[in-house]
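Given these sequences and hints, build the entire structure.
Here is how the chains run, residue by residue.
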Amino acid sequence: MHNFAFHRPTSVADAAKAIGAASDGKFVAGGQTLLPTLRQRLAQPSDMIDLSAIAELKGIKVEGDGITIGAGTTHSEVANSADVQKTIPALAHLASLIGDHQVRQRGTIGGSIANNDPAADYPAAALGLGATVKTNKREIKADDFFKGMFETALEEGEIIVSLHFPKPEKAGYEKFRQPASRFALVGVFVAKTKSGVRVAVTGAGPGVFRSKELEAALGGNFSADAAKGVKISANGLNGDLHGSPEYRASLVSTLAGRAAAGAK
Amino acid sequence: MPEGTGSATGIGASVKRKEDFRFLTGRGTYTDDINRPGQTYAYILRSPHASADIAKIDTAKAKAAPGVVTILTGADYDKGGLPCGWQIHSKDGSPMAEPPHFPLCKDKVRHVGDQVALVIAETYAQARDAAELIDVTYQETKPIISLADADKPGQPQVWPDAKNNTCFDWHIGDKAAVDAAFAKAAHVTKIDIVNQRLIPNAMEPRAAIGDFDRATGEFTLYTTSQNPHVIRLLMGAFVLQIPESKLRVVAPDVGGGFGSKIFHYAEEALVTWAAGKVERPIKWTSDRSEAFLTDAHGRDQINHAELAMDKDGKFLALRVATKANMGAYLSTFAPCVPTYLSATLLAGVYSTPAIYGEVKAIFTNTAVVDAYRGAGRPETTYLLERLVEKAARETGIDRVEIRRKNFIPKDAFPYQTPVALQYDSGDYFSTLDMALKNADWAGFEKRKAEAKGRGKLRGIGISTYLEACGIAPSAVVGSLGARAGLYETGQIRVHPTGSVTVFTGTHSHGQGHETTFAQLVSEGLGIPIENIEVSHGDTNKIPFGMGTYGSRSLAVGGSAIVKAMDKIITKSKRIAAHLMEASVADVEFKNGVFTVVGTDKSVPFGTVALTAYVPHNYPITELEPGLEETAFYDPLNFTFPGGCHICEVEIDPDTGTVEVVNFTAVDDIGRVINPMIAEGQIHGGVAQGIGQALLEAAAYDEESGQLLTGSYMDYCMPRADNIPNINVGNHVTLCTHNPLGAKGVGEVGAIGSPPAVINAVLDALLPLGVKDIAMPATPHKVWQAIQTAKKAAE
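Top to bottom, those sequences are chains A and B. Using the working numbering, read the first sequence as starting at 574 and increasing by one per residue. Using the working numbering, read the second sequence as starting at 15 and increasing by one per residue.
Rather than coming from a laboratory, the hints here were simulated on the basis of the structure. One or more of the hints may lead you astray.
List of simulated lysine-lysine pairs, DSS-like, C-alpha gap at most 25 Å [unchecked claim]:
| id | chain 1 | residue 1 | chain 2 | residue 2 |
| --- | --- | --- | --- | --- |
| 1 | A | K801 | B | K466 |
| 2 | A | K801 | B | K470 |
| 3 | A | K804 | B | K804 |
| 4 | B | K805 | A | K801 |
| 5 | A | K804 | B | K470 |
| 6 | B | K804 | A | K801 |
Shown next, in the form of structure tokens:
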């Protein structure tokens, strides 16, 4: 990789200052996306600001109508947290499916959400549960946060501090893995929430999205059969070596049904 | 050679591998671990285009970059091209097109990854930084990527001398006999098969260190090779014109090869050539992205086959037309893979009396294609076993019975096939029956019904196969176009105090020869296995050998060791006779001790060894001192291991996911030296076969020629959870023509398995009306096949 200046602030305020001062700075949390990018010389930041020493970004707290998870919390911590398992078991299950054992020790929920990879798992949970993203500047609802492929509502230098997930009546997540990368070819998060059924789909399109048709079908009958009967349009869905848009469309309804059937 | 005395360290014992101590504790010495004093580092600038003219290369800025020692391009390269080791002639007798293959491109680049410039600097990072400053002006031209289209008129031509991108157009067999049989056939089954391109992915990427000693004028190449002597010969004689007496090639520990490390690669020649220019060692290490782009790829054949049968399903004739991708250049053994390693196997285990095969070798703007685990035999086995399976479905004859009724009878050996090869021994009936039993073929319907209850489609598939390996009888392959001999060498040096070093021209890169060859010698000379060292990989130490590939190391290399042992024992008996004051004819050797028949006189091997080197009480006027013997063994024939693989799968019809739930292999590999190692070879081979059947495929973009599967994000390697526990069985018919009776086991796992897996997938999908599917049968492909069949049924 190319050379860069390295900073390790211990507060969010210092991190914000450091990125403001850099000519072309990048935050790094778990580094699970950024470091491979740097090694392949696909990016050349002037400064790297390491967020892993900031205490304000850590911690899991049951509070309010659900659970708040610090942006710097690793996937492994979420998967193994007794609080998450008790409050929103589908969220712990999703975290346990991310990457592999090594990735889960390093990757963070804040990094995943900020990066918004079209095949990432957490955006499906955030959108599916109607989470709130708390940054060092404001609070952003999930419905307003995810803008498209690798694009979010975050402004330059804005730092995610935590995510708050309201506890659903029940929820489930089903992930169909792209056989090579084992990323989600399609991942569907289904939740029965206070404001109705929410169905969030990752991997199938250019970014995470909600499926109105599946929300309507499962809203009426929260079962595998109700979902299977919904024909999802292939329009606008991703097509590549690993699956056509039609295949992804079919997986969306299959996985939604399985997520509903297994919802806890 | 003794049968195996039941000793815990002799033939037939599952001795734990000696190599594993260093491999498992990180103490292996791989090429990249070696560092030479004053070492510099090489980085190769590679073409981003599949086809382009090089108009200009400007290295001025790059040469001025920090740490740069020199930068060399095709214009600086003044030596020979990389040679091809096998010449094929076309049907009309003309020799194959043999375009030049320079290690640095001179005027054109012909595939993404082709070598454009060699940057040598004090550190790897400096070399890489400098490469970014090289300014290359390319004029892109349209590449030809599709194997199916490349020989059609009007396509871009990779080489001016290879019209319609055709390297050769070869055939084998008896066309007239085949045509006559088809005319009389009661039924003809046809099939079109694609055997997809694979990327080998040995765990250790390639590396090479070139060194030149100004004081002595000697060159040294350290390289990740399966055959150091072959590299020394090819590079020394044909590329750099260095006499072998001044060129040492060392292959230290090598982390897997599967064929991809047989060939003489550009990087080996470049670091050696450049070391002579800069007079400092130069180290090059591939990264994984480079390996994807530039390691020789495997397979990549398109086949059309037709099988003629009589009314009872007896095979009358087979004809096959094949297109085989060579890539942009001819790699070292590429022409022989689809011809002499594929088409000569078209009889398989069957008694088909008439066979005709045609093979067109085609150039495309892709990476070179050459031997990869099985090298031609998986392609043929897949073709045959898919064709026979289809024939069974079409005629309504039971899939097992149609095979059984066409097997070569047990008493028909030696069996001359219609495609050059003569099989020495084999018993396909026994391996079939054993596999059927081990796999509980009879109980399948019950398991299928139970799976249905869980919403899964269960299928079972079979493959009965053999292959030709133990490569090879030199005169035979020479008459077929090989430019090398394929004997092997074994040298046994007994040391004065009784320990032994075995020098072998084979080169273990995962096969465990340091253990198995030591077992052979421990048994043969009756000495403790701890006293035996097996040395391989250094051309300065070892007589000329051809290396490890083609499942040859035990059959050919082991046989050479046996022959050398015979010579050791012959000489030792004379020494022992002298010590015991007996006649040689009365001396027996058993369990490491020489005795005189009918007496209680004895002398142990250790005493004989010491005596040979301290020849005081010694027949000095009749016998030279010393105890070391060399044997070169040229095999009399190929060897023919084979057997039966049975695979069971469960398919999720909604997602198309295929799970392998059972895999049974029963193989006849002749004499087994170390059952644990043999079983490990089957495991690995089957894993690669499942990889080909369900997961792996190299793909190039047909417009741009970019490698779409350039990393593990898109190229799907099998992981542990893709492979079930494999039920490995064994049935032995000895090879009749080598002293060990060994047939070889390195490749059979990868050869027999893919058709068993795909036949199982098709069996599971048969009720849905699916009749065909291509490898890899990914979830996407399976789902698509189901949808297509559903639509056709509407």
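So, going through the hints one by one against the coordinates:
| no. | hint | verdict |
| --- | --- | --- |
| 1 | A/K801 with B/K466 | holds (19 Å) |
| 2 | A/K801 with B/K470 | holds (17 Å) |
| 3 | A/K804 with B/K804 | holds (16 Å) |
| 4 | B/K805 with A/K801 | holds (18 Å) |
| 5 | A/K804 with B/K470 | holds (22 Å) |
| 6 | B/K804 with A/K801 | holds (17 Å) |
In terms of the numbered hints stated before, the structure departs from none.
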